[in-house]
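Trainee: Read off the chains here:
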Amino acid sequence: MNDDEVITAVREQRDKVHSHTSVDQIISRGRTVRARRRIPGAVTALAVAAAAGTALALGLTGVLGAAPARSTDTIRTMAFTLVKHANGTATLTINRNVLLEPGTLQSALARDGIRAMVTVGRFCSSDPAPAGWTKVMSFPGSPADPGPVRAVVINPAAMPAGTELSFGNFQLANGAQTSVALIDTRSYTCTSTAPTAPPPDGVMIG
Amino acid sequence: MRYVHVGTRQLDFAEFYRESKDACLFAVLVNVGDRDVAQDLVDEAFARAWASWRSVSRHPAPAAWVVRAALNASISRWRRRRREVSLPEPGRIADRAAGQEAAASPLDPQIMAALTRLPARQRQVVTMRLLLDLDTSRTAEVLGISPSAVKAHLARAIATLRSGLIPERQQEKSS
Chain A
1 MNDDEVITAV REQRDKVHSH TSVDQIISRG RTVRARRRIP GAVTALAVAA
51 AAGTALALGL TGVLGAAPAR STDTIRTMAF TLVKHANGTA TLTINRNVLL
101 EPGTLQSALA RDGIRAMVTV GRFCSSDPAP AGWTKVMSFP GSPADPGPVR
151 AVVINPAAMP AGTELSFGNF QLANGAQTSV ALIDTRSYTC TSTAPTAPPP
201 DGVMIG
Chain B
1 MRYVHVGTRQ LDFAEFYRES KDACLFAVLV NVGDRDVAQD LVDEAFARAW
51 ASWRSVSRHP APAAWVVRAA LNASISRWRR RRREVSLPEP GRIADRAAGQ
101 EAAASPLDPQ IMAALTRLPA RQRQVVTMRL LLDLDTSRTA EVLGISPSAV
151 KAHLARAIAT LRSGLIPERQ QEKSS
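So the sequence lines, in the order shown, correspond to chains A and B. Numbering follows this note's numbering, in which position 87 of the first sequence is assigned residue number 87; successive positions increment by one, without gaps. Numbering follows this note's numbering, in which position 160 of the second sequence is assigned residue number 160; successive positions increment by one, without gaps.
Honestly, the hints are just simulated from the structure, not real lab data. Beta carbons: idealized from backbone N, C-alpha and C, even for Gly. It cannot be assumed that every hint is accurate.
Some chain B residues judged to face chain A by a derived CB distance under 10 angstroms, without partners named [said to hold, decoys possible]:
#, residue
1, Val56
2, His59
3, Ala114
4, Arg162
5, Leu165
Required output: the full structure, derived from the provided sequences and hints.
Mentor: Put into structure tokens, the structure is as follows:
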């Protein structure tokens, strides 16, 4: 049995499996997904309107127990947690043991007013980097030599016009690493080589 | 204009769904082993893809996004239920998958078992390269590894599959 025969045998198995779910059923379920995303905000609004209505809020939470772990201030997925603070900043934590869905993180960041480009297997940066990245991102340790960090606090109000944050996620043998840098949206380059150290004008989460 | 926009999005998504649903289902089945669970995971992942189609459609490999979303959801489910349910052995997973598919078109239990026994990284590469038909560079991009690593993992996976299949096939012939 040569390589081509092995590949053919595997693909023959693939061709025997068929999904019988119609596209209309998928779209209908997709609408439910969208509605589910909007529910936590509605729950919060109801709780506020009820003022001292803690009991009401708890009741709804029980009914909606299957909803994703997301409130007005927190978006929590298997891959990351994004907590929005009252002062407008947001804390991002990435789970290095779970594959990251770039679209999900990008949407979550956008919700908090953070302009971002999230890529997997690719990292983009500007040279020279826009000034002021240390005002945009803060984290434990020295900005000059931060090393990989577990979480980063992002201040979208400090992002200069024409900039966004570049998140480059790489799956490495020992888990995921995500490099983050502030980039000029009109001038940046990308590489598919995983950075081995935090970028000089940014941070590495992992 | 709004109706035109929505209609266009649905057309694009519908085409993508028709072209990739079977391959995505099989890719997830190889990884989770249960036909019904795989179907539900893939349906949910496609539903999420539709709900975020503007960003998912710009992903370098939307089918890979769907499979990854389904497998992430599978991990999440497993973590929620691990105190209640123990996972079957890989061989039994393959047998169950084959048995459940038997009524429609029988899967080869030996090949399914060999696929499910592959190390995780090799199975990921097989999923992208052989089941979703991504090329080496796109697979490398999606998995965040180098193209040479993709080639190495694929070569090892094929060698493992071959060594796992030959003895059983020979036994079949001799019996």
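Trainee: State for each hint whether it applies.
Mentor: Hints and how they fare:
Satisfaction of the interface hint for Val56(B) is found here, the shortest Cβ-Cβ separation to chain A being roughly 5 angstroms, below the 10 angstroms cut-off. Annotation: His59(B) was flagged as interfacial toward chain A, and the flag holds, the nearest CB pair being 7 angstroms apart, inside 10 angstroms. Annotation: Ala114(B) was flagged as interfacial toward chain A, and the flag holds, the nearest CB pair being 9 angstroms apart, inside 10 angstroms. Taking 10 angstroms as the C-beta contact cut-off toward chain A, the hint placing Arg162(B) at the interface holds, the least distance being around 5 angstroms.
With its C-beta approaching chain A no nearer than about 6 angstroms, Leu165(B) sits inside the 10 angstroms limit, and its interface hint holds.
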